[in-house]
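Can you build the whole structure from these sequences, using the hints too?
For the protein sequence lines, the chains are A and B, in the order given. Going by this note's numbering, the first sequence opens with residue 2, and the numbers climb by one from there. Going by this note's numbering, the second sequence opens with residue 2, and the numbers climb by one from there.
What the hints contain is simulated information worked out from the structure, not anything from laboratory work. One thing to keep in mind: the hints can contain errors.
[Said to hold, decoys possible] Interface residues of chain A toward chain B, partial, derived using beta-carbon atoms under 10 Å:
id : residue
1  : D126
2  : A151
3  : Q163
4  : Y166
5  : A201
[What the hints assert, rightly or not] Mimicking SDA-like on lysine to any residue, the simulated pairs with C-alpha atoms at most 20 Å apart in a straight line are:
id : chain 1 : residue 1 : chain 2 : residue 2
6  : A       : K208      : A       : R141
7  : A       : K119      : B       : T22
8  : B       : K68       : B       : A57
9  : B       : K193      : A       : K119
From a predicted model like this one, the values you see are computed outputs, not experimental measurements. Ideal Cβ placement from N, Cα and C applies to all residues, glycine included.
Number of protein chains: 2
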Amino acid sequence: MRTNLETQQRLLEAAGEIFATRGFRAATVREICQRAGANIAAVNYHFGDKEGLYFAVLKSCSEAALKKYPPTLGLKPTATGEERLLAFVRSLLLRIFDEGRPSWHSKLIAHEMAEPTKALAALIDKVYAPALKQLEMIVRDLASRPASVAVVRQCLFSILGQCLYFQNSRPAIQHIHPEQGFAPADLERLAKHITQFSLAGIRQATK
Amino acid sequence: MRTNLETQQRLLEAAGEIFATRGFRAATVREICQRAGANIAAVNYHFGDKEGLYFAVLKSCSEAALKKYPPTLGLKPTATGEERLLAFVRSLLLRIFDEGRPSWHSKLIAHEMAEPTKALAALIDKVYAPALKQLEMIVRDLASRPASVAVVRQCLFSILGQCLYFQNSRPAIQHIHPEQGFAPADLERLAKHITQFSLAGIRQATK
DNA sequence: CGCATTTTCAAACATATGTTTGGAACGATT
DNA sequence: AATCGTTCCAAACATATGTTTGAAAATGCG
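Below you can see the structure in the form of structure tokens.
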């Protein structure tokens, strides 16, 4: 009962990376098994079929991402709205630019958006919607005065859009601005910019 | 010499729609030919291979999008920076939410970002980079004072990100906010929000 | 019309890919 | 050591897909 779990684990690892880079459909079971050092039949034996493996990968990566960058963000209850916004933005950027599972998670979601599978709805409910809800609290807190649902929502879109841009347009960014780095210091600068930019935007939208 | 062009045209139409929804790899020649009412061999006869058809589609869709929403935006030379920003944002949103070729173009780019093909670099140089350059002029004009390259760039990212969010996360948006409409009036409201939000952000970043 | 070129078509081909299968190897338990 | 359930594996299978082919149909032209 050890090699069993080890093989499953290796498959999850290999599949996570390959699904993240190629998407569900373009990823091949053969490539996954080869990288995992497993037989071609291993996927069907351990996960039923390719789709079962994919769902398991999504589950595994979601949990890994939420564990490495927990929604609480390690903030004190006394943190100001601005601090919480910065923490939210920073954690999102860190997840996007991380190497390994957390970034797989972002890439998997990106692929789902471009070419949805049956897993999309559940993934949104489990990961995407809670993050939005959390951001909504922050924005309401930062608003100059009680804001309408529509205005708050537009601010959410503006903030999320600024962060996810680096997920969804990275090839273009790197092609046009090859000198732009994304080391931790760069990300911190970026997070601060997005936070300040959004703070001004929120105040403008709720003044 | 008539049916010839007609078949090529039908193939381009059908392929545009299918490549846009499924991406290059997941789209099948058979489905494209069926929708175009052409024989399976038509793609290879007229475009060499599937990739040739894909390149032709990209070219066709780029031209169609730039023709329907030209970079000049129909603005007077006397337009203020704010008007030009609004026009830029609006045209981008219109292209994203359009039905037909202009939206195919956006979707094709989105697929390229998620799973790049050999066409990506040329596509960026031809379409993406010029738009960025144009936006850069607007931002520099709106800055409170001469801004560094880095600050301007971050503002570009912020604005583009807000717009492209609706391209790259639409499934999530529609799932979480099913009541959110995207009729012309909604898009106008959205464009105004993004413009005002960004205006405040730019001023904050360049103060 | 007669002929050459172009275009269309049904079928076949070659390859890739998810899945199944029957048996072998393995590990735990008695 | 013997047995039983689990896991692994090489091979085969079924299907999907891009491409090719050779002939038929259509088209242009004198």
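Legend entry - Earlier hints that do not hold, by number: 9
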